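**Student:** From just these sequences and the hints, can you work out the full model?
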Amino acid sequence: MNCCDKMREELGPYVDGEGSPETRAAMDAHVCGCADCRCEVDNLRRLGERVAAGAEVCVPPALWSRIESHLSTASPRRRGARLLRLRPILTAAACLVLAVGGYFAVLQGFTTRAEAGPVDFSALLDGLSIDAEKAFREFVERYRGRRVSAAAARKHASQLNFAVPEQLAGGFALQEAFALQIGDSPGAAALYRRDTEFVGTIFHRAIHPEDYGTHRDHPCVVGDHRGHRVQVGEWRLVHVTDATTCHCVLSRLDEAIELPAILHAVAPEFRPASDHSHP
Amino acid sequence: MHHQGTGLTNSERELIARCKRGDRQAQRDLYGQTSERVFRLLTRMTHSAEAAEDLAQETYLKAFAAIAKFDERSSVNTWLYRIAVNEALQWLRRKLPVPLDPGAAAARPDSRANGQDPSVRLDVERAMATLDPIDRTMLLLRYQEGLDYRAIAEVTGIAMGTVASRLNRARERLRELLADFTPEREETGLDKHRIGHGRVGDVGIARPVEGRVP
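As they're listed, the protein sequences go chains A and B.
Counting in our numbering, the first sequence runs from 1 upward without gaps.
Counting in our numbering, the second sequence runs from 1 upward without gaps.
If you're looking for bench data, these hints aren't it; they were derived computationally from the structure.
One-sided and incomplete, this derived list gives chain A residues near chain B with beta-carbon spacing under 8 Å: (1) P13; (2) E18; (3) A52; (4) L63; (5) H70; (6) T196.
Stretches of chain B that chain A covers, calculated by requiring three or more beta carbons in the stretch to come under 8 Å of a beta carbon on chain A: (7) 21-29; (8) 54-61; (9) 79-89; (10) 131-143; (11) 163-174.
Model, not experiment: these values are computed from the prediction.
Glycine is no exception: its CB is placed at the ideal position from the N, C-alpha and C atoms.
**Tutor:** Okay, structure coming up:
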């Protein structure tokens, strides 16, 4: 390998103005004395110019009107104003609810356990197109996620059947594990990373129906696992459920190539018997 | 207005704050300041003016719906590019393969094209349309929109350390395609300066490729 071969990978960043001053000075010196690299630098510059010389576009004049017509007629400010006007009524209603609720709670002597509500995935799904990892963390926080070790997460949700391995197929390494509290049921979550790509796993009781907001879910089969999938952009939230546990994997991974091994790793005992589609 | 980097000007902060309060005029102002860039990127990503219009609409609706979550760590353009790129990539996955609509981008006169031969311009558009969507996006963000590597990493979610190699790959692939699309332009002396073995055609200077119809 001659010096130009070594330099070749650096010529693109050099032409793009990237690199430290020291690196650029070294590149300057090399390019100055190397006809081949000077020619390549010229070619790279011209290639960039050709891409940049794209067609001039004219934003459609009616586009803003289209957007404005779809914007909510009740802006946050208007909604806020409406809520302010309704505040006395809302306050009275809240007091009434609390009073009646308290009465029945006392009457029943707190003998009935509160049922855990559905798992609300809408906040997670709504945020995926903006910042998926942030949306995942907000979901974890919403369900009172505590950062714990993988062993502690498994212990916390010992009634569930799941695994939090240190490594997942494809080079994903465990970064964080969480103990969750979903209603009155313990759950768990974990975040894995490969470079900047992340995979999130969530485990919760299988009996809970789930709320996806406006998002639609679809049946899917990943490897041997039958479950369902909700897709937002390039992100997929794939669920497979056994008798006790719903295993949810959030990723951008291909369902046919990378996901099956990961799902198998986090749901190691799960084998589809007949219909394991989510309740 | 910055279109890369992380600092927001005071007027941008004020505009974002008003948008967060649901101020319709502020939303319109933000749209006015950014829509040309967003629409241009979407047009060249999708090669469809109609799709670009729909995706631009979706981009702004999502942006305004989520603007309370905009933490102002990146520039507003970077943030909008990110939403737009996600929308376009999603659309491209559904629509692949992408037919080239010459009316969308390539055939219109371009003041920035510096008198470039329209056929050469069309070659570039055809080659760009054939590229992998991520490669196309990387090239457009770098050369059309002028983003630095850090901003490209923010927009695409690709690790900062791999932006350079991804761009190298995208440039190389584009050169291969340009060589395929322009067999009528014979090799020139410049070609002999290509570095290394197995390199593909020079920019705008193509190797004849048998069996390919431009």
